[in-house]
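Number of protein chains: 2
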Amino acid sequence: MKYSFIETTPESHFPIQNLPYGIFQFKDKGPRAGTAIGEYVLDLSVIDDAGLLKGTGAEEKNVFSASSLNLFMELGHPTWTSVRKKLQYLLDANTPDLRDDEELRLKAFHPLKDVEMLLPAKIGDYTDFYASREHATNVGTMFRGKDNALMPNWTHLPIGYHGRSSSIVPSGTKVRRPSGQRKPKDADPVFGPSIQLDFELEMGWFIGPGNRPGEPIPVNQAEDHVFGLVLVNDWSARDIQAWEYQPLGPFNSKNFATSISPWVVPLEALDPFRTPGPQQEPEPFPYLQQTKDGAFNINLEAHLTPENTEQSTKITNTNFSYLYWSIAQQVAHHTITGCNLLPGDMHASGTISGPNREERGSLLELSWRGTEPLKLNSGGKRSWIEDGDKLTISGWCQGDGYRIGFGEVSGQVLPALSEAKILGTQNVKK
Amino acid sequence: MKYSFIETTPESHFPIQNLPYGIFQFKDKGPRAGTAIGEYVLDLSVIDDAGLLKGTGAEEKNVFSASSLNLFMELGHPTWTSVRKKLQYLLDANTPDLRDDEELRLKAFHPLKDVEMLLPAKIGDYTDFYASREHATNVGTMFRGKDNALMPNWTHLPIGYHGRSSSIVPSGTKVRRPSGQRKPKDADPVFGPSIQLDFELEMGWFIGPGNRPGEPIPVNQAEDHVFGLVLVNDWSARDIQAWEYQPLGPFNSKNFATSISPWVVPLEALDPFRTPGPQQEPEPFPYLQQTKDGAFNINLEAHLTPENTEQSTKITNTNFSYLYWSIAQQVAHHTITGCNLLPGDMHASGTISGPNREERGSLLELSWRGTEPLKLNSGGKRSWIEDGDKLTISGWCQGDGYRIGFGEVSGQVLPALSEAKILGTQNVKK
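As given, the protein sequences belong to chains A and B, one line each in that order. If you count by this note's numbering, then the first sequence holds residues 24 to 453, one letter each, in order. If you count by this note's numbering, then the second sequence holds residues 24 to 453, one letter each, in order.
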């Protein structure tokens with residue numbers, strides 16, 4: 024097994040087998056690209072400046088001194104591979120170049136705890152899919168009854184919708200409880216703070232290089248356009264959603280915030296964890312027939328921590344491999360009409376739920392729309408997220424003696440603004 | 024009435040009362056910002072360099088030498104007003120500064136017919152609303168029957184959904200017929216080129232400066248965030264839409280192309296054409312109560328021209344003022360949950376239909392889902408758009424002796440790619 028001269032424990036999310044990419048800020052230096060290794064971030068702009076990335080195809084292009092990974096995403100799969108190989112070589116315990124150059128090491132490495140992580144990309148378009156059969160079935164059962172749970176189209180195509188890219192925020196950003204319209208049963212709609220605030224445990228992937236308008240990406244080339252994966256919490260206001268979603272889909276109920284983990288794990292790092300997805304019946308159309316195994320064995324957990332306590336409760340324990348539609352199928356379907364994908368676009372899987380109760384990826388499902396509240400370790404119950412609650416999603420692949428980790432995405436919920444502030448009759452604090 | 028030293032006819036779309044903004048390219052010079060006056064474009068980067076925009080708040084910031092209007096949109100309403108006033112002064116028949124400086128005039132003006140118009144902004148997020156009651160009722164009647172035509176939420180909130188910004192193209196861009204899944208009645212779904220390709224006559228508006236996450240824009244401040252308006256054709260594949268849209272809304276049926284007119288008409292130029300919109304019943308929630316008249320009297324037409332003929336048919340003759348929800352209401356609703364709008368975002372109204380048959384803004388409605396084909400002046404009929412058809416939308420406000428025009432948005436439809444090309448078994452021509 025490969026080891027780095029930067030030591031890591033078997034539980035570390037960031038061993039030399041991972042090397043995720045992110046955008047970080049350290050002290051008063053501007054944002055730049057880095058890779059995580061153990062408890063450190065390696066500043067890629069510094070090692071590019073030092074000439075250590077020569078021959079990769081990404082060198083001397085200001086790709087790593089940029090404030091987003093978009094340029095790197097645009098360079099494409101062969102370049103991603105050669106940069107990854109070079110970094111694994113440079114960080115290897117047996118490679119002296121960086122290991123023995125103390126001056127360069129001091130400039131290039133910073134403790135992870137001392138840097139601020141930003142969004143990894145300037146996200147042009149964000150698409151959210153609905154690829155978990157268990158999730159779609161649970162939601163459909165609650166909203167439309169058992170007999171109409173799964174729409175007739177669901178097993179034929181990966182259902183997706185366009186999301187709001189401006190409100191995607193990095194882990195740690197606080198999220199304000201939204202206000203909007205909801206309709207109590209047998210009553211007129213009312214306006215006020217959402218009383219059914221929820222999370223959605225998802226994973227997302229970043230696109231590069233993408234395709235030209237009118238030219239679909241074939242399913243067996245689709246993974247060449249997937250730069251890497253992150254954890255996603257697609258915050259959702261279920262009461263607002265139930266009232267607004269027909270006939271054009273969720274809008275305000277989803278567009279106030281989507282949180283993502285800051286480290287993008289390269290698809291290549293996940294290759295050892297490839298696994299067949301669920302059996303697909305009926306057989307998909309040819310444009311959705313993927314040759315390779317398209318699922319990945321990634322453990323996923325969600326934890327809820329109320330305000331004023333350190334005691335969290337694990338509320339979900341699920342796996343990415345439950346998804347019915349693969350990443351490649353979702354990408355191919357997205358472009359089948361000719362829709363052009365651009366570097367930095369983000370797709371997300373939709374809520375990932377498994378067959379068992381504890382594998383459900385949202386409070387809507389876990390509390391079965393509030394009828395079966397969850398007990399918290401710190402006391403109290405939860406049907407929906409309350410003000411001050413912190414929601415954290417983490418994920419990793421378990422290798423033999425190492426982990427490919429995604430770190431975490433977390434966010435705490437702030438109380439709603441008052442109606443006076445919303446109406447502009449009282450100023451919002453700047 | 025104001026006149027410019029650049030002469031215009033009463034039918035001109037671009038008199039001194041209009042002064043729309045756009046991004047153009049002339050010969051081998053890079054993209055830059057201009058305003059249209061009569062048959063000319065005035066290069067704003069040239070007159071900024073010449074010092075003529077001093078005191079406007081937009082000068083010497085490289086705002087007009089940029090390849091998009093985003094920076095200008097970000098500067099906000101007071102700056103837009105002062106630039107507009109300055110341009111009206113500089114172009115006035117009685118102002119000698121530009122009129123009598125032949126050297127500067129030669130550098131600053133180009134015939135419109137000689138420039139290439141590009142997208143006016145780098146569009147981050149694109150949102151499409153559904154604000155025409157007549158359109159929503161027509162579509163609802165066809166898809167769900169007369170009794171469920173208008174969803175119960177429709178009169179309470181401006182329904183909208185997130186669209187695909189990467190596939191927004193400027194007028195003149197050819198659009199390839201999309202392929203995808205559709206489901207014939209009482210049969211299994213099939214894959215192939217869309218056989219129900221449609222246009223949607225809409226108008227769009229560009230956002231600047233926008234709001235911070237978690238802080239909604241009050242409805243009576245909303246117009247301060249509207250830079251200006253364009254014509255929009257939101258191409259739609261009705262057969263793909265009918266099969267895919269439940270439960271998360273339209274996706275592939277809309278994401279292959281949206282065409283817009285290149286000149287952004289400032290909201291201020293439309294002020295003389297303000298008019299009350301339709302009576303709203305029930306009374307909207309306070310966050311949707313606009314004090315000013317929020318509708319605008321804008322004539323809108325759509326023309327269809329088959330391939331190999333010059334003879335076009337006017338297929339729609341409608342008006343922007345039919346929209347039930349105003350621009351300000353749509354903007355306020357978009358942000359009510361705290362969604363942040365950014366400079367360069369585009370919103371569109373959804374299809375604009377009026378109460379009469381010829382006022383319907385889509386072929387879906389005009390041909391009543393193919394049951395009442397339209398007769399063309401050049402012979403033949405149309406239920407849906409055929410390969411080679413060119414669809415053109417134009418629009419203008421009729422003033423006393425002048426027009427505030429939007430120019431036009433047009434696009435011709437190319438035949439679908441073969442299935443071999445789509446599957447990647449045959450290369451797409453580069």
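Because the hints were derived from the structure by calculation, they are not lab data. Some hints here could point you the wrong way.
Unchecked claim - With a straight-line Cα cutoff of 30 angstroms, these simulated DSS-like cross-link-like pairs (lysine-lysine) come out:
id: 1; chain 1: A; residue 1: LYS145; chain 2: B; residue 2: LYS197
id: 2; chain 1: B; residue 1: LYS169; chain 2: A; residue 2: LYS206
id: 3; chain 1: A; residue 1: LYS145; chain 2: B; residue 2: LYS145
id: 4; chain 1: B; residue 1: LYS145; chain 2: A; residue 2: LYS52
id: 5; chain 1: A; residue 1: LYS169; chain 2: B; residue 2: LYS169
id: 6; chain 1: A; residue 1: LYS84; chain 2: B; residue 2: LYS52
id: 7; chain 1: A; residue 1: LYS84; chain 2: B; residue 2: LYS315
id: 8; chain 1: B; residue 1: LYS84; chain 2: A; residue 2: LYS52
id: 9; chain 1: A; residue 1: LYS206; chain 2: B; residue 2: LYS315
id: 10; chain 1: A; residue 1: LYS444; chain 2: B; residue 2: LYS315
id: 11; chain 1: A; residue 1: LYS315; chain 2: B; residue 2: LYS206
id: 12; chain 1: B; residue 1: LYS208; chain 2: A; residue 2: LYS169
id: 13; chain 1: A; residue 1: LYS84; chain 2: A; residue 2: LYS108
id: 14; chain 1: A; residue 1: LYS315; chain 2: B; residue 2: LYS444
id: 15; chain 1: B; residue 1: LYS84; chain 2: A; residue 2: LYS50
id: 16; chain 1: B; residue 1: LYS169; chain 2: A; residue 2: LYS145
id: 17; chain 1: B; residue 1: LYS25; chain 2: A; residue 2: LYS84
id: 18; chain 1: A; residue 1: LYS197; chain 2: B; residue 2: LYS145
id: 19; chain 1: A; residue 1: LYS145; chain 2: B; residue 2: LYS52
id: 20; chain 1: B; residue 1: LYS50; chain 2: A; residue 2: LYS84
id: 21; chain 1: A; residue 1: LYS208; chain 2: B; residue 2: LYS169
id: 22; chain 1: B; residue 1: LYS206; chain 2: A; residue 2: LYS169
Hint by hint, here is what the structure shows:
no.	hint	in the structure
1	A:LYS145 to B:LYS197	holds (28 angstroms)
2	B:LYS169 to A:LYS206	holds (23 angstroms)
3	A:LYS145 to B:LYS145	holds (12 angstroms)
4	B:LYS145 to A:LYS52	holds (27 angstroms)
5	A:LYS169 to B:LYS169	holds (26 angstroms)
6	A:LYS84 to B:LYS52	holds (25 angstroms)
7	A:LYS84 to B:LYS315	violated (52 angstroms)
8	B:LYS84 to A:LYS52	holds (25 angstroms)
9	A:LYS206 to B:LYS315	holds (28 angstroms)
10	A:LYS444 to B:LYS315	holds (21 angstroms)
11	A:LYS315 to B:LYS206	holds (28 angstroms)
12	B:LYS208 to A:LYS169	holds (24 angstroms)
13	A:LYS84 to A:LYS108	holds (18 angstroms)
14	A:LYS315 to B:LYS444	holds (21 angstroms)
15	B:LYS84 to A:LYS50	holds (29 angstroms)
16	B:LYS169 to A:LYS145	violated (44 angstroms)
17	B:LYS25 to A:LYS84	violated (52 angstroms)
18	A:LYS197 to B:LYS145	holds (28 angstroms)
19	A:LYS145 to B:LYS52	holds (27 angstroms)
20	B:LYS50 to A:LYS84	holds (29 angstroms)
21	A:LYS208 to B:LYS169	holds (24 angstroms)
22	B:LYS206 to A:LYS169	holds (23 angstroms)
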